[in-house]
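Engineer: Sequence:
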Amino acid sequence: MDFVGVLDWFKSLNKPDRPVTVAVHGEPFAVKQDGTLGDRVPPILPIAPVATPMLSLTTLSGLVAAFSANVDGFTDLGPSAVQVESFDSVALVSLKSDEWGRRHVWARAKSTEVNLFRFGEYLDPETFLITAQAGFMPIDGHYTNMLKLCSSLTAGNSVQVADDGYSQKVTISEGGVTRGEVELSPRVSLRPYRTFREVDPVESDFLLRFRAQKDALPHVALIPVDAGRWKTDTALMVRTWLKNNLPEGTTIIA
Numbered sequence: 028m029d030f031v032g033v034l035d036w037f038k039s040l041n042k043p044d045r046p047v048t049v050a051v052h053g054e055p056f057a058v059k060q061d062g063t064l065g066d067r068v069p070p071i072l073p074i075a076p077v078a079t080p081m082l083s084l085t086t087l088s089g090l091v092a093a094f095s096a097n098v099d100g101f102t103d104l105g106p107s108a109v110q111v112e113s114f115d116s117v118a119l120v121s122l123k124s125d126e127w128g129r130r131h132v133w134a135r136a137k138s139t140e141v142n143l144f145r146f147g148e149y150l151d152p153e154t155f156l157i158t159a160q161a162g163f164m165p166i167d168g169h170y171t172n173m174l175k176l177c178s179s180l181t182a183g184n185s186v187q188v189a190d191d192g193y194s195q196k197v198t199i200s201e202g203g204v205t206r207g208e209v210e211l212s213p214r215v216s217l218r219p220y221r222t223f224r225e226v227d228p229v230e231s232d233f234l235l236r237f238r239a240q241k242d243a244l245p246h247v248a249l250i251p252v253d254a255g256r257w258k259t260d261t262a263l264m265v266r267t268w269l270k271n272n273l274p275e276g277t278t279i280i281a
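If you're matching positions, the sequence shown starts at 28 in our numbering and goes up one per residue.
Careful: at least some of the hints might be erroneous.
Now the in silico label distances, taken between C-beta atoms and shown as ranges [said to hold, decoys possible]:
id, residue 1, residue 2, range
1, Glu-140, Ser-216, 34 to 44 Å
2, Gly-100, Pro-55, 34 to 44 Å
3, Thr-139, Lys-175, 26 to 36 Å
4, Gly-100, Ile-280, 16 to 26 Å
5, Asn-97, Ser-178, 45 to 55 Å
6, Asp-242, Leu-263, 41 to 51 Å
7, Thr-171, Thr-102, 14 to 24 Å
8, Val-58, Pro-106, 15 to 25 Å
9, Ser-116, Ala-161, 21 to 31 Å
10, Thr-102, Leu-143, 14 to 24 Å
11, Pro-106, Val-51, 39 to 49 Å
12, Asn-97, Asp-260, 30 to 40 Å
13, Asp-242, Thr-198, 16 to 26 Å
14, Asn-272, Thr-171, 50 to 60 Å
Think about it this way: if two alpha-carbon atoms lie no more than 27 Å apart in a straight line, the pair counts; the simulated DSSO-like pairs of lysine-lysine are [to be verified]:
id, residue 1, residue 2
15, Lys-258, Lys-241
16, Lys-123, Lys-270
17, Lys-175, Lys-241
18, Lys-137, Lys-258
19, Lys-258, Lys-270
20, Lys-137, Lys-270
If you're looking for bench data, these hints aren't it; they were derived computationally from the structure.
In this text, all values refer to a predicted model and were calculated from it rather than measured experimentally.
Glycine residues also receive a C-beta, built at the ideal position from the N, C-alpha and C atoms.
Kindly generate the complete structure, drawing on both the sequences and the hints.
Structural biologist: Okay, structure coming up:
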């Protein structure tokens, strides 16, 4: 670099820096190397802080206990509510979102109830009886009639179902001897366990069907026919349980 070039370089040090951005109608735009206007510069948002970890629970009683214990001091952090998210999930949430649009969940109870009964499948009578007794609330009526009917099935049975649209008569015979006869409505109302055990299961309608098996016991199936309405009914039952067990005035959303 010659002497003149060195002088020019020193002079450039005293010149004001070229602006990196310029405001146009209040919006920032980049300035290119040649001094012309470039693209709009999007705002830089602050990084959201890490949220307080959620308390995971498996029972409604646990959620009520967490509420009473003022988990993470939630009562001092703004309005909150208990939200019935579904038939098997309830959460304690903030009603006001933060500046990043997040609505905090202080605690969530998720049911771990698993009903082992295989709905919609034809089962051998022994499997049907065992899983039905473990998976349904025992109540008189359709439940007891169903168990009585399935208990009378033996090898060599013939099963006849007479259905007039209002009721069905199931006759089980062996040879020429009638072993059992039970009259059922076309739909049987049962209460399978499918949510928190603190809440009584809601009634759902099922079709009870039999299928003959060669040289084996007839198989039995329970086919759900309520189009999933039990999920809504169960969520409302959960809401009622919470209303009876949480402090008066608690906001419950379902």
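Engineer: Each hint needs a verdict: does it hold in this structure or not?
Structural biologist: Going down the list of hints, with the structure as the test:
1. Glu-140 to Ser-216: 34 to 44 Å: About 20 Å separates the Cβ atoms of Glu-140 and Ser-216, which means 34 to 44 Å is violated.
2. Gly-100 to Pro-55: 34 to 44 Å: 40 Å Cβ-Cβ, so the 34 to 44 Å window holds.
3. Thr-139 to Lys-175: 26 to 36 Å: This hint holds: roughly 32 Å between Cβ atoms.
4. Gly-100 to Ile-280: 16 to 26 Å: Given about 21 Å between the Cβ atoms, the range holds.
5. Asn-97 to Ser-178: 45 to 55 Å: With Cβ atoms ~52 Å apart, the hint holds.
6. Asp-242 to Leu-263: 41 to 51 Å: Roughly 48 Å apart at Cβ, these two residues keep to the hinted range, so it holds.
7. Thr-171 to Thr-102: 14 to 24 Å: violated, 48 Å
8. Val-58 to Pro-106: 15 to 25 Å: Violated: the Cβ-Cβ distance is about 46 Å, outside 15 to 25 Å.
9. Ser-116 to Ala-161: 21 to 31 Å: This hint holds: roughly 23 Å between Cβ atoms.
10. Thr-102 to Leu-143: 14 to 24 Å: violated, 40 Å
11. Pro-106 to Val-51: 39 to 49 Å: holds, 41 Å
12. Asn-97 to Asp-260: 30 to 40 Å: holds, 32 Å
13. Asp-242 to Thr-198: 16 to 26 Å: Taking Cβ atoms as reference, Asp-242 and Thr-198 lie about 21 Å apart, which means the hint holds.
14. Asn-272 to Thr-171: 50 to 60 Å: For Thr-171 against Asn-272, whose Cβ atoms are near 31 Å apart, the range 50 to 60 Å is violated.
15. Lys-258 to Lys-241: violated, 38 Å
16. Lys-123 to Lys-270: Holds, at about 22 Å.
17. Lys-175 to Lys-241: Given pair Lys-175, Lys-241 holds - Cα atoms ~23 Å apart, limit 27 Å.
18. Lys-137 to Lys-258: holds, 15 Å
19. Lys-258 to Lys-270: holds, 18 Å
20. Lys-137 to Lys-270: holds, 18 Å
Hints 1, 7, 8, 10, 14 and 15 from the earlier list are contradicted by this structure; the remaining hints agree with it.
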